[in-house]
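With the sequences and hints as input, model every part of the structure.
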Amino acid sequence: MDISQLALIAALGFAGLLFLIAFLADREGRPRWLASPVVYTLSISIYCTSWTFYGAVGSAARNGLEYLTIYLGPTLVFIGFWALLRKILRIAKRDSITSIADFVSSRYGKSDSVAAVVTILALLAAAPYIALQIKAIAASFQVLGSAPGDLTGAAAAAPDPVVAFWITAGLALFTILFGTRTVDINERHLGVVAAIAVEALVKLVALVAVGALAVWGVADGPSDLFERMADSAVPLDTPFGMRWVGLILLSGAAIICLPRQFQVTIVENEREGHLFTAAWLFPLYLLVMSLFVLPIAVIGLDVLPEGSNPDMFVLTMPIAEGRTDIALLAFLGGFSSGTSMVIVSCIALSTMISNHIVMPLALRSPGARLQGGGDVRRFLLVSRRLSICFILLLGFIYLRTGASGEGLASIGLIAFVGAAQVLPALLGALYWEGANRRGALAGLIAGGIVWAYALFLPNIFGGVAWWDALAEAGPFGQAWLRPGALFGLQTDDALMHALFWSLTFNCIGLVLGSLSRLPNPIERLQAALFVGVFREEAGAGTLRGGAASADQLFDLAQRIMGADRAYDIFRSYARGQGAATEFPTVDDAFIAHLERRMAASVGAASARAMILSVTGSETISLDELVRIADETARLMTYTSEVTRKSDEIERAATQLKAANDRLRTLDRQKDEFLSQVSHELRTPMTSIRSFTEILSGTHDLKPEEQERFIGIIHAESIRLTGLLDEILDMSVIESGDGERALEPVDPEAALDQALDACLGLLRTGDVRVETARVDRAVLVQGNLARLSQVFINILSNAVKYNTNDAPVIHVESQVTADDYIVVIADNGAGIPPEEAQTVFDRFSRGRTAGTQIGAGLGLAISHAIVTRSGGTLRLLPGSGGARFEVRLPLSEAESLA
Amino acid sequence: MAQRVLIAEDESNIVESLRFVLMREGYEVSHALDGAEALSLVRRETPDALVLDLMLPKLSGYDVLKELRADVATRALPILMLTAKGQAHDRQAAEDLGVDAFMTKPFANSDVVAQIARLLGSDA
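Those protein sequences? They're chains H and U, same order as listed. So the first sequence is numbered by this note's numbering: it starts at 2 and just counts up by one. So the second sequence is numbered by this note's numbering: it starts at 509 and just counts up by one.
Read the hints as simulated data drawn from the structure, not as lab findings. All the pointers check out, no bait thrown in.
Only pairs whose alpha carbons sit at most 27 Å apart, straight line, appear in this in silico DSSO-like list of lysine-lysine:
id, chain 1, residue 1, chain 2, residue 2
1, H, K646, H, K658
2, U, K574, U, K593
3, U, K593, U, K566
4, H, K801, U, K566
5, U, K593, H, K801
6, H, K94, H, K111
7, H, K658, H, K671
8, H, K671, U, K593
9, H, K111, H, K88
Simulated coverage check for chain U against chain H, where a stretch passes if three residues somewhere in it have a Cβ under 8 Å from a Cβ of chain H:
id, stretch
10, 515 to 522
11, 528 to 539
12, 611 to 625
Given the structure is predicted, the values throughout are model-derived calculations rather than measurements. Don't be surprised by glycine CBs; every beta carbon is placed ideally from N, CA and C.
Shown next as structure tokens:
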């Protein structure tokens, strides 16, 4: 039997086996090993397509170690950036994300246009990639068919269109059968994942088998291999340079952004914990896959005829060594690589096309009738199946028109650059709250256009006359717009050139677009939900999945409206149901009833969201989220407004209370003062009235009695006047109105004036005055007349209340660093301790002295004057006569002197 | 025998006018300048009536009043209280403590005479 016939049978048999596995895995009660993280990790290995399976050896034979970059990027992402993947995963699970287009658009305000742009970009990038798989599978058939006569693999150069077509058709059928049997809300395909996990194992085993053959079958173990390697044509001295960095970046972006990788890593993920396993197991898988690439390349170059296609070494080398079995295994490995990539790509892309292009168009077209769940399901399935056919057809067309004699690897890289255009928008989605729809669109479109112009179109139209002319001279003769040398960037490396410019324009578009407009509320909300996904979850655990129990609903309800009301609602509803229990049977009607009652408390949208969080029957739609956010924002604005108002009121109340207290105090003081004034005025008036009555009513008064009584009336009138003067003084000094401004004055001069004024009083009382004065002029802030008044008051008190037979007044002034101090002391009885406290109070006239001369305001006035000058007036403690101290701060001019 | 009136008042001019007025009415008048002196004079001289100023040094008129009313010997002593504080609550407080008459300064001489006469009623 011909080896290619064997291969065909093996391929069909293998496909049947895969289908069986998928079928079993999709059934209820699937085996538990399917849910293991190993299966998850193996499914991620669809990254290794036939390009990797066949093409890595070709790449190694042509460019040496450069093929490693394609493995290094994903390795770095899984080991170093798994936190990024986890963040995407967390958001995707929370929001039931179905594809990378859904993810990105959902972040940018659930924008249809962003989703459509990502979908179109992904579709364009996928076409060459799928063409590559078709080409590889077709080529592997043809190479096997022409073997063992022709071991060059030349048949791979021009895939037979008929073979390619049937392979395409077969893949379409296979994918439709696998991927679109049902429409799952989560877009998960357990059967497919199981099948591609098996395929991943086949890939690995096949490549290891071929590698083992190379190392231990052809070469004589590793040492011999290394010797051969040194003599080999494989260019091992490839310089590590910018191209390496670029390729690692590119492959790292691809493992995140390729729609099929997003499908298996994010959408098909069952548990977040699986990612931790994949973080080390997937890089390990890649390591094993890459381990034998170089040996196969070296041995292939050794044993196969010169000019053989190195892309086919994996197949041709075992045949050359006579190991048909290993060749068949290798064929199945290549077949696995190709089919698994095509199936998952088609599933992912068809989901994107039907959800983001077909559905929006259908919903907008006036003739569309999409009512009823069944219709939508059917419509979705049909649109997905047609999408799969469309995608594969696109790949087939690409294979027929473009795909000039380039190596497998370079075609794959074109797709990578296309997929990488989603990266800026994706990273912006995850880490920059300021990124918005306009920025995302600008970046995606700018990057996409540059990619298409500088890489995609040249690959399709290269060799066509009009394009070559344009590429040579630039459009409209503008040399700086040549697709191969944009803005004068001359390089031989078209890939790096396109990568650089496309990502540059992409990032600029994203940043400038985002900064040019403030995000709208939906974008802000989604930005917060995406960027802060972990923060948000830390706040509140969500109850999702599983039907709600009455207990859960009660727990929720009592938190909103209090236990008593919640209990009332539950009990009365239970009675209405005719139930004997306290809690009603939970049905849709009860949930609706409860929701309405709760809506009265927290608003409709919030009530709905809360109920949904318990029942878990639906995911919350974006519109609902927005309404909740709006309601919450309104509520918060209102609450903060109320809080602010009540704060204001409270502050005002406190101020009012303080003012009121102050007024009350003042009012009491005023009443007290008036009462005191009244008392003080009544006393002299009593004498005046009484003696006036005596004078007018008594006709037999002796002349000396008349004279004496008139004298008393006169003295009491003077006392009354003095009292009124003091009261006026007091009010003037206390209010400060009409008082002269403070100025630097010499207190010694005021003291001199006072002593002069009291001269008569002192003589009358036969008072001896002893002085010890400052011997220089000093300056204090004050008012000469007022200070003089203070000293007169103290001096006259010292005379009036001095009961000593030989009265002496001692006046002493001195200057300290800061103050001018006068102490006026007498040798009288002094002021008893119980009166010392109140001596400066108004009308607190000394009680001890038998004679009544002052009105009782003198010391109060003096105290007010000294206080107003910034000084102190106090009664010095101690026995013996009264000792008053006036202390006045020196004026600044004085201090400086 | 002339009835005796004690004037407890710290304002010497008022003491002088009261003394003049009451002596012309035939009373025998003595005076005290503070509360403590008033108390001791009442006990020593046992006057027939007391003219008591409210605001006295050392011992206020209220305190003197309380002392006198607490003592069996002086419980019935007729007392005319004088005050320059003309407020109602002062009058109330004084009456609660058992004064017989209450007058606000300045007063009419004739009113003082009439009140004393009333207090010493039977003999007048």
